[in-house]
Structure formats: structure tokens, C-alpha cells
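Going line by line, the protein sequences match chains A and B. Each step along the first sequence adds one to the number in this note's numbering, with nothing skipped, and position 75 is 566. Each step along the second sequence adds one to the number in this note's numbering, with nothing skipped, and position 39 is 167.
Treat the hints with care, as some may be off.
Unchecked claim - No more than 27 Å apart at the CA atoms, straight line, and that leaves these computed lysine-lysine pairs for BS3-like: (1) B:Lys229 <-> B:Lys168; (2) B:Lys220 <-> A:Lys604; (3) A:Lys670 <-> A:Lys529; (4) B:Lys168 <-> A:Lys744.
Said to hold, decoys possible - Quick look at which bits of chain A chain B covers, simulated, 3 or more residues with Cβ under 8 Å: (5) 553 to 562; (6) 657 to 668; (7) 681 to 694.
For the record, the hints were derived by calculation from the structure and aren't laboratory data. Treat the numbers as computed from the prediction; the structure is a model and nothing was measured. From the three backbone atoms N, C-alpha and C, an ideal C-beta is built for every residue, glycine too.
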Amino acid sequence: MDRVVDELGLVVENGFLVLFFPATQAALVFRVRARVNKGFEVFDYGPLPIAAGSALTTYLGGSAVAPEDGVLPPYSYTGDVRFPAIMGLENVRDKSDVWYLDKDDSDRLFHVKVSLSPPIIRADVRIPSGVSQIRFQRERVVGGVDGPLGFSRGSLEVVHLPGLIYGYRFGNDTSLPLKVYSRFVYAEYVVETPRSPELIFDVLQRRVPSHWLTMPVTYLDPSIRSALRDVYGLSEPWGFRLYRIDERDAAIKEYSAVLRRLKV
Amino acid sequence: MRWLFTVIGSASPTGPGQSGDLSLASPDVHGPFSSVRLPKGIKAKVWAKRLSGTVGFTLLVQFSPDATAPSPSWTTIDAERLAAAGSLSLEKRRPIVAHFKTGNEALKLSYADTTGAGTIYAVVEVEASDEDE
Numbered sequence: 492m493d494r495v496v497d498e499l500g501l502v503v504e505n506g507f508l509v510l511f512f513p514a515t516q517a518a519l520v521f522r523v524r525a526r527v528n529k530g531f532e533v534f535d536y537g538p539l540p541i542a543a544g545s546a547l548t549t550y551l552g553g554s555a556v557a558p559e560d561g562v563l564p565p566y567s568y569t570g571d572v573r574f575p576a577i578m579g580l581e582n583v584r585d586k587s588d589v590w591y592l593d594k595d596d597s598d599r600l601f602h603v604k605v606s607l608s609p610p611i612i613r614a615d616v617r618i619p620s621g622v623s624q625i626r627f628q629r630e631r632v633v634g635g636v637d638g639p640l641g642f643s644r645g646s647l648e649v650v651h652l653p654g655l656i657y658g659y660r661f662g663n664d665t666s667l668p669l670k671v672y673s674r675f676v677y678a679e680y681v682v683e684t685p686r687s688p689e690l691i692f693d694v695l696q697r698r699v700p701s702h703w704l705t706m707p708v709t710y711l712d713p714s715i716r717s718a719l720r721d722v723y724g725l726s727e728p729w730g731f732r733l734y735r736i737d738e739r740d741a742a743i744k745e746y747s748a749v750l751r752r753l754k755v
Numbered sequence: 129m130r131w132l133f134t135v136i137g138s139a140s141p142t143g144p145g146q147s148g149d150l151s152l153a154s155p156d157v158h159g160p161f162s163s164v165r166l167p168k169g170i171k172a173k174v175w176a177k178r179l180s181g182t183v184g185f186t187l188l189v190q191f192s193p194d195a196t197a198p199s200p201s202w203t204t205i206d207a208e209r210l211a212a213a214g215s216l217s218l219e220k221r222r223p224i225v226a227h228f229k230t231g232n233e234a235l236k237l238s239y240a241d242t243t244g245a246g247t248i249y250a251v252v253e254v255e256a257s258d259e260d261e
């Protein structure tokens, strides 16, 4: 049985994780060398980081004020939210964002599954913070929690790459001021890129099982280019492009060139 | 998506024959509210109902197809009556289902009380889920 993920949906040790970027039509392929929090994956964060008194935009065109910490007023949505360090996590690298990994943490990834209570809350994530990544009909429409499409309800799955700040957004399209709590199931992976171009080709052809996650990146923001360059040593083609199964030789040649540049 | 939440309603009629809306509260909601509007594409199932109060207290589950209208119309989609003072617990039966197709629909709890004064309570369990679940 080729089991790549465990019962929590996290990649097992020695499993492969593929992060596919629609913007570049290329993927990063990692082998999980270790999961440093194995057995301790649940992190009950608590109320969403919405401060009482903060003003939120509404779907009706106006604004609403959060009446209490963690409360999302009716028909309102947040701007980009980061998850600041809560008590006991003050020593994280960036106190304003517990999921932030520095560019020096190039062999680390956070695989984060966010669960929201109540699960009717809309959620999306912008990579980097402030840059909408959901598109409809090429560039004609930008989606997200503030629109009719481009969001999920109650949960999100995302992998945090080093050197990038992510912005989570949440929306409440009910008539109720909802108390919103977040819970994370996460893995802190120690990763490396397989050094065999043949293996990478087989992973991307899905001959070798992997956990395949399409990153919500439809626009290659300069900060993403910068992170991919500084953290992984990548440049165009920004990862391993997908080839047809009959293009194995061309793929192996290109993957070999990418591997020579890769730092991780 | 599946959200099971508890709605607690109460009212204090001051005399016989009164009716009105219950003031609602929920552990998931900040402060009191009078009705629930859910997004389009969601359906709400009203599962368990628990009533307590004086004899004759009738709990009405009411649905409006457009609660944004200046004078919304409300239809009673379920009614339960206390035949004697005390409490009544109604569980393990088919749910009442309300469909939110435009996002303008709403549910509320009302009461009709035929006997007199005293605080009445109603607790209902509501399950909101995607229409195709």
C-alpha cells in the first residue's frame, strides 16, 4: 500500500510532497526527511486574530466593527490576517506570524491545515499577503472571500514556503456576528529535493505516489520569485515543469539542469 | 461543510393569549439575535427541539423567503405545543429542512402562548450544510 499521507493528511516520513504552481506550470518536489512534531500535530490557536473595535469591510458596501476579539460581524470580511504568537510562542522568529519561515529555513516547510469553527466561515489565502491569487477567466475577475467565488468554507490546506508572508482572509456571509475560532493541524517538515531527475519525472507523472498540492499562486509576484531564487536557488523555469509522458528525455535534461542550481 | 449549532430562545409573556418572536442566543454567536439568514447554497435542518414553559406554549419555526423585504412574510413550517406545564424534548425524528437559495431567506422562532405569564424557553439544534450534502 503506497500511503503518502497519514490519517491527518500530512505527508509521512520519506514520502514525497509536490507543490505545483499554476503561475509557472512548474512544481517543487520534496522528500520529507523528518516531521519534527510527529505525534503532536494539533495546535488549537483560539479566536481569530480580529481585535475588538477593528473595522471590517462588509459585503453590503459599508463597514462593520468587531464587537469583541475574534468576532466577525454579519456580512463582513477581514483583510489579510496573520496569526501572531500566542502565549508560550513568544520565541518564534516573527511574533506577528507563527507560520513565518525565514529564508535561512530553507530545509523547512510548514504544512498547515486550518479548521474554522463555525465552519460556515469563508476562507482564502493570499501569497504573498495582499496579492490576490484567485482568477476567473484569465485575469478578468479576481476572486476570494470578498467575491462570489474563490474561497472555501471552514478549512484551508496550505504549505508555507520560507521567505514569504501569507495573508489569510475570512468572511462571514451570514446575518449573525460569529465567534470564530481556528485550529491547526500542521507538520513541520525537514525536506530535501530528490537528486534523481528520473525519480522527479516519475513523481510528476504520478508513477511514484506523492501528496500533490496545488498552491494558490496564479500570479508570480516578485516576492515569490525572490523567495524561490533566494531559498532554493531557482530561476526560470522556477521548478520542474510538467512534461508529457513521451517527453521523458527532454524532461530529464531540464530537470538535471534545475537540480544543479537547487540549493535544497 | 457541516455546522451544527444550538439556538436558545426565550420570552416572557405577561398574560394569556400572547404571541411574538423569541429572543435568540447561541454559543457561536455574539449577543442576541432575532433570526438567522444563511448564505445561498446552504440548507438548514432543524433537528432536536426542547421546550419548557407553561401549558399551551406553542413553539413556531418560521421561514421567510425574503427577510430583506420591507415587510417580510413568514410561514410557519413547524409547530410544537406544550400540552402541560413542564418540558418537552423532541429528538430522533426527521428534521425540518429550510433551503437558502438566494441568501435572503431567514428562519426565526416564535411563540404562541395561550395560558399566561412565565418565561418560556425553546432550544433547537440546527445543522447548516451545503445544499448537495
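- Message: Check the hint pairing B:Lys168 with A:Lys744 against an upper bound of 27 Å on the C-alpha distance.
- Response: Violated, because 50 Å separates the two Cα atoms, which is more than 27 Å.
- Is B:Lys229 close enough to B:Lys168, meaning Cα to Cα at most 27 Å? Given that 27 Å is the threshold and the Cα spacing comes to 5 Å, the pair holds.
- Task: Would you check chain B against the segment 553 to 562 of chain A, counting CB to CB pairs closer than 8 Å, and say if three or more residues qualify?
- Result: holds (count 3)
- Query: Going straight from one Cα to the other, do A:Lys670 and A:Lys529 come out at no more than 27 Å?
  - Reply: At roughly 30 Å apart (the allowed maximum being 27 Å), A:Lys529 and A:Lys670 break the hint.
- Task: Check whether three or more residues of the segment 681 to 694 of chain A sit with their beta carbon closer than 8 Å to a beta carbon of chain B.
- Result: violated (count 0)
- Item | Distance restraint between B:Lys220 and A:Lys604, which requires alpha-carbon spacing of 27 Å or less | At roughly 33 Å apart (the allowed maximum being 27 Å), A:Lys604 and B:Lys220 break the hint.
- Check, residue by residue, whether the segment 657 to 668 of chain A contains three or more positions whose beta-carbon lies closer than 8 Å to a beta-carbon of chain B, and give the verdict. Coverage by chain B holds for the segment 657 to 668 of chain A (5 residues, Cβ < 8 Å).
The structure shown violates the earlier hints numbered 2, 3, 4 and 7.
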